[in-house]
Amino acid sequence: MVDGPKRRLPVVGGGPTAGPGAPSAPGAAPPRGATGSPEKRRLPVLQGGGDDEGEERPPWHWIALGTVAIFIVWLPLAGLANTLLRRMVERTGDAAAEGSVRLAMVGLNAIAFALAGLAGGYLVGRFGGRAGRREAAASGAVVAALAWALALAEGAPAGALGWALLLVVMVAIGAAASYAGGRAGLRARAGAPPSS
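Numbering (the UniProt record's numbering), first residue to last: 1 to 196.
Hint data in this document are derived by calculation from the structure and do not stem from the laboratory. Bear in mind the structure is a predicted one, so any value in this text is a computation, not a measurement. Glycine included, each C-beta is placed from N, C-alpha and C at the ideal position. Errors might be hidden in some of the hints.
[Stated by the list, open to error] Simulated restraints, written as ranges between beta carbons of each label pair:
no., residue 1, residue 2, range
1, GLY191, ARG41, 43 to 51 angstroms
2, ALA156, GLU90, 17 to 25 angstroms
3, GLU98, ALA151, 18 to 26 angstroms
4, SER100, ALA78, 13 to 21 angstroms
Use the sequences and the hints to build the structure in full.
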């Protein structure tokens, strides 16, 4: 570093003669040492109304949001349930226990699906605006139908009657659990203090 007088860079748009007394761009701060006061620019302030937070979603949007929420909760729960089942099968290693393992597989996956339906239904009921129990139940039924279609696409042998029965059972579990979650969400919404 060299000690000595500091050089000032020219002000942009001020030309080579910009100095302490030279005029500068409108609205720009005066150079150091200038005695003139800068012209202040005032921007308009937008007043945000607390009541006008945007347009409320129609109830059918909450069916899609509930469907996504159920899938988001169900996938980790199903992964955990199937990991537990795999460890159970590895521990027993017994062919005679195959029936009980299948029963446990169906039961744990049904419980995981029902818990996910409760969570998604609660979300729809609690935050759904005009949406309520009906939209929550519809989101559970949509998830059940989508999961059934994915299982059908896998091509597991079950026959037409088996697939039809599976669809009915899955829709019943999904819709009932989501309906119960939506009901709990509506109760929580009614007890919540109004947002300001």
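Ascending list of hint numbers which this structure does not respect: none
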